[in-house]
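Protein chains: 2
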Amino acid sequence: MPENSSTKKELFRTAARLFKEKGYRATSMQDIASQLGIQKPSLYYYISSKEDLLKEIAWVTMKMLIDAIEKIAFSPLSPREKIEKIIESHVKLICENLDLFTVSLREINPINAETFWSDVVALRDRYENYVRSIIRVGKESGDFKRDMDEKLAGFALLGALNWTIRWYSPQGEKSPEEIANAWKKIFMDGFLAEKEES
Amino acid sequence: MPENSSTKKELFRTAARLFKEKGYRATSMQDIASQLGIQKPSLYYYISSKEDLLKEIAWVTMKMLIDAIEKIAFSPLSPREKIEKIIESHVKLICENLDLFTVSLREINPINAETFWSDVVALRDRYENYVRSIIRVGKESGDFKRDMDEKLAGFALLGALNWTIRWYSPQGEKSPEEIANAWKKIFMDGFLAEKEES
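Residue numbers (numbering that gives the first Met the number 0), protein chains in the order written: chain A, 0 to 197; chain B, 0 to 197.
Next up, chain A with everything else stripped away, as it sits in the complex (with noise of 0.2 Å):
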């Protein structure tokens, strides 16, 4: 079997699956490799041990997230049309990777601190201070109000990106576009009607 990247994806869709659905700990190397309809030894020319095979999916999912958010803060837009894409492109990365989303968003926490903590960590911080940077830049600018701390909201912002791998169904009502248009209106103009113009 050669080392292909079709061949990787592959493997890595079918992992995060299993890990998804029968979480991380209760899903076997031979699990994966009855998915997979190969031998168990043929899994181990692609990755070293099922701890390497989640900390690969968690790198991978975060770099998606760092890839397009690179092309949004080195663009020419404005921090309002920056955020409004970030929430299109996360959302719709969460909605169409969301086996790989919703197993690196669970493993990734302390308990794994050791084995993860230093390069997918690394990206996730990374990912935070895009978001955290373009609000202050729209704070400054006069798009964003001045009295925002650009930490909360990008934490209120990413709480409700991230969270979308508790509820999100492919089967649902609600398309990622659909989902996506809502909450940037949401996070643009909150909840509150506009005031009558007196």
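Identical chains blur together in the list; that is why a pair holds if it fits in one copy or across any two.
Okay, derived cross-link-like pairs now, SDA-like style, lysine to any residue, Cα gap no bigger than 20 Å in a straight line:
1. K173 <-> R145
2. K84 <-> L191
3. K84 <-> Y126
4. K138 <-> N180
5. K49 <-> R24
6. K150 <-> E172
7. K150 <-> Q170
8. K91 <-> E69
9. K144 <-> K184
10. K183 <-> E193
11. K173 <-> D146
12. K150 <-> K183
13. K150 <-> R165
14. K8 <-> S47
15. K138 <-> E177
Think of the hints as simulated: they come from the structure by calculation, not from any bench.
It should be emphasised that the depicted structure is a prediction, and the values quoted were computed from it without experimental measurement.
We have chain A already, so just place chain B on it with the hints.
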């Protein structure tokens, strides 16, 4: 060791702290007994199994949220004031019971469906429904934007609130009050600066 609620509370807090730090699966009943300074058999006076303990912890945690939201939902406050009170109480409960909430929110997921689905998930759904109903009433009363989807607005709000377990630290720079105040402003008014009066 006579059964009393303070001992049981201590048992829940100790177990939650261990489940949070080591993970639910990696924590043994012996670990919990050792931390409490009691013999392992004494634990079984209070709970029948580790799974039962986790389930009770999740139930108690959801019950705190439900008790708080029912006081708010059935008060004479306006829909806007109710949502603001929910933000305050939800943030405060998470920050003051961080281990309980971290474990409960982490473990209430489809993997545990068979164990938890019936009563704990019913409480979670009830909480979500209160939030949606208050938003819906607020749309009808003119407090909130009429074109807002109450389900998606509710998910954004609960996502932000629940994600607090992933970043809040009692040693951090922000108090629960500061977090709640910042988020009340964000969810009511959004990120955008007020347009200048014409």
